[in-house]
Amino acid sequence: MTGRPFIISELIIKSIKSELSYQEESILRQWRESSERNEKLYQKCIANTTDEEFLTNYLADIDYMPYYQECCRLIDEKKRHQKLHKSLFKNIWRVAAMLMIPLVVSTMLLLNEGGSLFKRINLWVKESNSLTSNSTITPGGPNAILILAGGERITLGRDSEKPVDKPENITIEEDNLKYSRIEQKEREYNTIIVPRGGEFLIQLSDGTKVWLNAESELRYPVSFGDGERGVYLAGEAYFEVVKSDKHPFTITSGDHRITVLGTEFCVRAYKDEHKILTTLESGRVSINSGNESVQLHPGEQSIVEGAAIKIERVNTQLYTAWRNKMFVFEEQTLEEMLRTLSRWYDMEVVFKEKELKEYRFTGELMKYSNIEEFFKKLEELEKVSFKINGHVINVAKYTKQ
0 MTGRPFIISE LIIKSIKSEL SYQEESILRQ WRESSERNEK LYQKCIANTT DEEFLTNYLA
60 DIDYMPYYQE CCRLIDEKKR HQKLHKSLFK NIWRVAAMLM IPLVVSTMLL LNEGGSLFKR
120 INLWVKESNS LTSNSTITPG GPNAILILAG GERITLGRDS EKPVDKPENI TIEEDNLKYS
180 RIEQKEREYN TIIVPRGGEF LIQLSDGTKV WLNAESELRY PVSFGDGERG VYLAGEAYFE
240 VVKSDKHPFT ITSGDHRITV LGTEFCVRAY KDEHKILTTL ESGRVSINSG NESVQLHPGE
300 QSIVEGAAIK IERVNTQLYT AWRNKMFVFE EQTLEEMLRT LSRWYDMEVV FKEKELKEYR
360 FTGELMKYSN IEEFFKKLEE LEKVSFKING HVINVAKYTK Q
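For the sequence shown, position 43 (counting from the first letter as 1) is numbered 42 according to numbering that gives the first Met the number 0, and the numbering increases by one without interruption.
Hint data in this document are derived by calculation from the structure and do not stem from the laboratory. What you are looking at is a predicted structure, and each value in this text was computed from that prediction instead of being measured. Take the hints with a grain of salt, since some may be wrong.
Unchecked claim - Keeping only pairs whose Cα atoms sit at most 25 Å apart, straight-line, the calculated BS3-like set for lysine-lysine is:
#: 1; residue 1: Lys-165; residue 2: Lys-184
#: 2; residue 1: Lys-382; residue 2: Lys-351
#: 3; residue 1: Lys-353; residue 2: Lys-382
#: 4; residue 1: Lys-366; residue 2: Lys-208
#: 5; residue 1: Lys-274; residue 2: Lys-366
#: 6; residue 1: Lys-376; residue 2: Lys-353
#: 7; residue 1: Lys-386; residue 2: Lys-396
#: 8; residue 1: Lys-274; residue 2: Lys-353
Sequences are here, hints too, so could you generate the full structure?
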């Protein structure tokens, strides 16, 4: 919660104008205290929002510069005069949200090699590098296949079809699918499959929202009845469950079962990964695996491997930011990072040497960014190099040209 870029950006602006509520002040304080970098960045914003050095260091994309400077001018004007027309203030918020000041614009990419090397790289900087590319790799987008109870398959997304026999309680749009509740004599199930390079939002008949990440599959009732609300997941999804004390909501992934009443959380249960992760942002959930059962509280994550369940406190943003159009990595191996990105960009990764998989990085990447620019920034660390051939990424040790 406290690390989401949009939220922190807005709170910093409200802090400048002395408009923070008690709860917002607490959230911002937690973020500031979570790292020295965050505190320094906050102090720099407060000290002088129009400082040229600040703009140079934290806003590399020249196309955004005029908008950011105007935003800073308006904020300073508000601070001095304590008065700003309502419509103009709305423009400030829109610009600030677009730029995600300051965290995303000031994106950092770090490599920690035994604590000996930290190098800041701004992912927005456009400059030439040694990257060899013959690429057709593009970011993903809304894309899915809906399988109805009778077996009919419907393409969803930009190339969505309008089926002749679509059930009346289903509304199909380009990037989402909505169900309304109907009476059924027998419970029928639909399945939505999101391929590599895809994402999709579905609203179930009870109002529960499910954001499906790439390479995921959800099986669910066309309409929930009076009993338990149960769905089946393979892959990754973020759930915003409508509360109902009388009708528990369950998610089943293999032998793993999650029970909730009303809450927000993310489940990662890919078939090619050995662990199932459940990350809780709000509410409370019960995790069952084999004979073990535990409860999660906000800010906690369960890690299920086999029948064993382990609970850890985590920065939830690392596991949920993809829903907000970002990838956030913290001390993750290169193999883990590229596995996540390969699903979204629909690419294959080949490591020339196994040791390269273990390099650890910290950084942020906008979900719809050019992946080649991301690789260029990684190459600036002079540890790995990338050669792109179609949809195949070859990773090798860095060699100076």
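### Message
Hint compliance check: list the failing hint numbers for this structure, sorted ascending.
### Response
Those not satisfied: there are none.
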